[in-house]
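Peer 1: Line by line, the protein sequences give chains X and D. So that you can map any letter, position 20 of the first sequence is 111 in the working numbering, and since no number is skipped, the others follow by simple counting. So that you can map any letter, position 68 of the second sequence is 111 in the working numbering, and since no number is skipped, the others follow by simple counting.
Hints are not guaranteed to be accurate.
The calculated label-pair distances, taken between Cβ atoms and stated as ranges, are [unchecked claim]:
#, chain 1, residue 1, chain 2, residue 2, range
1, D, E126, X, K133, 25 to 33 Å
2, D, L156, X, S159, 29 to 37 Å
3, X, E94, D, T144, 15 to 23 Å
Since the hints were made in silico from the structure, they are not lab data. Computed from a prediction, not measured in an experiment: that's the story for all the values here. Just so it is clear, CB atoms sit at the ideal spot from N, CA and C, and this is done for glycine as well.
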Amino acid sequence: QKEVEQDPGPLSVPEGAIVSLNCTYSNSAFQYFMWYRQYSRKGPELLMYTYSSGNKEDGRFTAQVDKSSKYISLFIRDSQPSDSATYLCAMSGSSGSARQLTFGSGTQLTVLP
Amino acid sequence: EAGVVQSPRYKIIEKKQPVAFWCNPISGHNTLYWYRQNLGQGPELLIRYENEEAVDDSQLPKDRFSAERLKGVDSTLKIQPAELGDSAVYLCASSPSVVDTQYFGPGTRLTVL
Chain X
92 QKEVEQDPGP LSVPEGAIVS LNCTYSNSAF QYFMWYRQYS RKGPELLMYT
142 YSSGNKEDGR FTAQVDKSSK YISLFIRDSQ PSDSATYLCA MSGSSGSARQ
192 LTFGSGTQLT VLP
Chain D
44 EAGVVQSPRY KIIEKKQPVA FWCNPISGHN TLYWYRQNLG QGPELLIRYE
94 NEEAVDDSQL PKDRFSAERL KGVDSTLKIQ PAELGDSAVY LCASSPSVVD
144 TQYFGPGTRL TVL
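Okay, chain X solo, but in the shape it has when bound (with noise of 0.2 Å):
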């Protein structure tokens, strides 16, 4: 078993939706939460990062995180088709190994005109 699962999709939504975005983990030792967007052929740009659990907002884009549960989602309102990219979530813990990033295996979005 993987130490962070990601549902590989693909998404598929019209503009507007509201996608939602999952990742479980199973390490306690995980302290910090990521959400990376990835462009074809690009490299990873980090989106959103937590530390605790809650939820954080940026603009469209909300980052929550349940260590009680070990599940991280990112929610992206009033969808565009810009925002079509492979969404990678990555955790990583303060000591370690814990400390390298580790990521999940990405969901595929397409945001439909």
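The hints should help you fit chain D onto chain X, whose structure is shown.
Peer 2: Here is chain D on its own, set in the frame of chain X:
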């Protein structure tokens, strides 16, 4: 500010041939990472440098892979000899320190025939 630069962007070689990838991190970033991203998967760490010292190379297949970071700036990742299973995107990332956000380059897409 210039981002992480990688070259070449694409490389096609036959199996058993050697190949090398080059990375120039963001100026002032002491930490440099090499990742491998297989199709449909998230990036997996191969090696991490703190300045010129390789501090985490546990995932680097040392029988055929080698890396160096001369003078703590540019880095080169080499594969010799390449195998069919090495086909992947090789990503370089850098950060000011190990606890900071990682910034990824566009990657080198390697195809081994």
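Peer 1: If a hint holds in the structure, say so; if it doesn't, say that too.
Peer 2: Hints, one by one, checked against the model:
no., hint, verdict
1, D:E126 x X:K133: 25 to 33 Å, "holds (26 Å)"
2, D:L156 x X:S159: 29 to 37 Å, "violated (49 Å)"
3, X:E94 x D:T144: 15 to 23 Å, "holds (21 Å)"
Comparing the model with each earlier hint shows a violation of hint 2 alone; every other hint is respected.
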